[in-house]
Amino acid sequence: MSLVVVRALGLVTVQDAGRAGHMHEGLAPGGALVRAALVSANRAVGNADDAPAIEVLGRLIIRAEIAIEIATDRMPRRVLARDAELVIESEPHRATYLALRGGVDAPRILGSASTHVAAQLGRALVAGQRVSSAGAPERVGVASIAANRGGAIRVLPGPDAYAFAPDALAALLSAPYRVSPQSDRVGTRLVGPVIARSSAPDRSRPTVAGAIEVPRDGQPIVLGPEHPTTGGYPIVGVICAADLDRFFAIRIGGDVSFEVGHVATSRARS
Amino acid sequence: MTERLGDRALRFARPHAAPARILEAVKAWPGVVDAVIAAHDVAVYFANEPRDDYDARIAELATLPIEPVEGREHVFRVVYDGEDLPAVAAATRLTIAEVIAAHAARTYDVASIGFLPGFAYLDGLDERLALPRRETPRTRVPAGALAIAELQTAVYPFASPGGWHLIGRVIDGPMFTPEHGARLAFGDRVRFVT
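From first to last, the protein sequence lines are chains E and X. Per my numbering, residue 1 is the first one in the first sequence, and the count goes up by one each step. Per my numbering, residue 1 is the first one in the second sequence, and the count goes up by one each step.
Some hints could be false.
Said to hold, decoys possible - Partner residues aside, some chain E positions facing chain X, computed with beta carbon under 10 angstroms:
1. V5
2. L9
3. R203
Unchecked claim - Quick list of the computed label-pair ranges, beta carbon to beta carbon:
4. X:M1 <-> E:S132: 49 to 55 angstroms
5. E:P76 <-> X:M1: 46 to 52 angstroms
6. X:I96 <-> E:R108: 33 to 39 angstroms
7. X:T136 <-> E:Q219: 34 to 40 angstroms
8. E:D49 <-> X:A102: 25 to 31 angstroms
Said to hold, decoys possible - Chain X residues, not near chain E, derived (Cβ > 12 angstroms throughout):
9. R8
10. A17
11. D34
12. F46
13. A62
14. I171
15. P174
16. E179
17. G181
18. R183
Keep in mind that the hints were calculated from the coordinates and are not lab data. Since this is a predicted model, take the numbers as computed values, not measurements. Positions of the beta carbon are idealized from the N, C-alpha and C atoms, including for glycine.
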């Protein structure tokens with residue numbers, strides 16, 4: 001089965017669980033921005049949880065070359081006629097995933113089919129491109145997850161307290177931040193209360209997805225799946241791994257509040 | 001001191017052992033999926049929240065040998081035509097020919113890898129060429145650019161913003177490929193020839 005891309009707006013890429021194990025050579029794992037939504041789309045068509053699917057950050061219009069059955073998390077199961085167009089929008093969420101039964105057919109590079117823009121592994125989808133499944137399937141699944149569940153996003157403070165003014169963490173927790181349109185898979189920029197730095201100079205240190213870096217202007221950047229493996233901005237806190245999906249699911253222009261989480265209690269919350 | 005970098009990673013001061021040995025050791029720890037060896041720190045990444053106490057293992061890293069492991073020898077062909085050559089010459093009070101000769105005379109070691117996929121910070125720069133980073137970073141440095149800053153040199157694997165001084169470009173191939181990942185690894189030694 002083939003789907004043909006009619007239009008891709010924003011960033012539309014193939015993503016799976018990413019390629020762990022290469023950070024020592026400067027390559028962050030990458031992979032789906034909102035992994036729970038990737039899993040949900042894959043389950044809707046009976047795929048393995050981490051099968052390659054299409055991540056839509058923006059809008060994708062596709063045309064099916066045969067009749068296909070669509071399972072989505074937003075409307076009842078239905079059949080899309082041959083040559084009909086399907087519009088998949090990430091709004092009102094940040095990311096939506098389109099899974100094809102059998103998995104999207106894409107080359108595995110260094111162990112993963114995920115597109116990694118910075119490392120030029122794979123490429124964003126463009127109009128005219130065909131997308132095939134690795135199986136023999138007439139079913140697709142579409143899924144997002146809503147971010148507005150579970151309340152504040154939990155953060156473990158530190159480790160760079162020396163690089164901040166004493167009230168920096170209090171500022172982060174004081175009021176909601178807005179997710180800036182200047183956000184991508186490398187970093188999510190937030191606009192809100194200024195997080196004051198100390199006079200400590202920038203030092204290039206290891207980073208991690210979910211780290212809340214603070215440049216001199218005091219407006220935080222949360223590192224995403226394609227983050228640089230080292231960065232010069234100090235880290236005021238790191239989002240708990242269990243809350244990363246909820247954070248990255250917040251739409252552009254949406255609000256996020258933070259609270260302090262604790263190691264060993266940061267279990268999944270929904 | 002060991003610090004938590006979120007609930008799935010630990011960060012600690014880089015021991016004075018050969019980086020290839022540190023990397024090999026930490027990647028063998030239970031539950032470890034990734035590691036970054038930066039200029040002054042090591043970060044170790046776990047599949048799940050680390051529950052064991054890793055302090056003893058971290059302390060043991062300091063007993064690893066400082067002698068580098070035998071890596072590969074690379075000879076990169078370079079055109080020394082970087083935009084910043086005249087400024088580097090002026091700031092170092094050398095001629096452009098002397099800057100080039102000083103850079104090409106040395107053999108460099110991989111000190112750390114980070115920033116971009118395949119971006120290796122190379123130690124061994126001639127002290128006469130040491131300059132602080134540019135006050136205003138460029139918004140775009142082309143892939144393959146050969147640059148210097150402080151006591152290091154590096155080749156930009158991909159086009160990116162950058163604050164180092166551009167002295168030339170490497171003309172024999174990419175620094176990161178889908179097939180093999182990063183071209184340079186810890187223990188490797190690098191020379192540049194015209």
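Hint-by-hint comparison with the structure:
With a cut of 10 angstroms, the hint placing V5 of chain E at the interface with chain X is violated, because the nearest CB-to-CB distance is about 22 angstroms. Hint on L9 of chain E is violated. Least Cβ distance to chain X is approximately 24 angstroms, over the 10 angstroms limit. About 7 angstroms separates the beta-carbon of R203 of chain E from the nearest beta-carbon of chain X, less than 10 angstroms, and the hint is met. Our hint of 49 to 55 angstroms for M1 of chain X and S132 of chain E holds, since their Cβ atoms are close to 52 angstroms apart.
A hinted range of 46 to 52 angstroms for the beta carbons of P76 of chain E and M1 of chain X is inconsistent with their spacing of about 56 angstroms. Against the hinted window of 33 to 39 angstroms, the Cβ-Cβ separation of I96 of chain X and R108 of chain E comes to about 46 angstroms, which falls outside the hint. At about 20 angstroms, the beta-carbon gap between T136 of chain X and Q219 of chain E misses the expected band of 34 to 40 angstroms. Taken as a hint, the range 25 to 31 angstroms is violated for the pair D49 of chain E and A102 of chain X, whose Cβ atoms sit roughly 55 angstroms apart.
Here R8 of chain X does not stay apart from chain E, with its beta-carbon only about 5 angstroms from theirs, under the 12 angstroms limit. The beta carbon of A17 of chain X sits about 15 angstroms from the closest Cβ of chain E, which is more than 12 angstroms, so the claim that it is off the interface holds. Here D34 of chain X does not stay apart from chain E, with its beta-carbon only about 4 angstroms from theirs, under the 12 angstroms limit. Listed as outside the interface, F46 of chain X is inconsistent with that label: its C-beta sits roughly 10 angstroms from the nearest C-beta of chain E, within the 12 angstroms cut-off.
For A62 of chain X, the shortest C-beta to C-beta distance to chain E comes to about 18 angstroms, beyond the 12 angstroms cut-off, and the non-interface label holds. Here I171 of chain X stays apart from chain E, with its beta-carbon at least about 19 angstroms from theirs, past the 12 angstroms limit. Under the 12 angstroms C-beta cut-off, the non-interface status given to P174 of chain X relative to chain E is violated; the minimum distance is some 9 angstroms. A cut-off of 12 angstroms between C-beta atoms contradicts the statement that E179 of chain X is not in contact with chain E; the least separation is 8 angstroms.
With 12 angstroms as the threshold on Cβ separation, the claim that G181 of chain X sits away from chain E is violated: the shortest Cβ distance comes to roughly 5 angstroms. Its closest Cβ contact with chain E, about 9 angstroms, brings R183 of chain X to no more than 12 angstroms, contrary to its assignment away from the interface.
In the structure shown, a violation is registered for the earlier hints numbered 1, 2, 5, 6, 7, 8, 9, 11, 12, 15, 16, 17 and 18, in ascending order.
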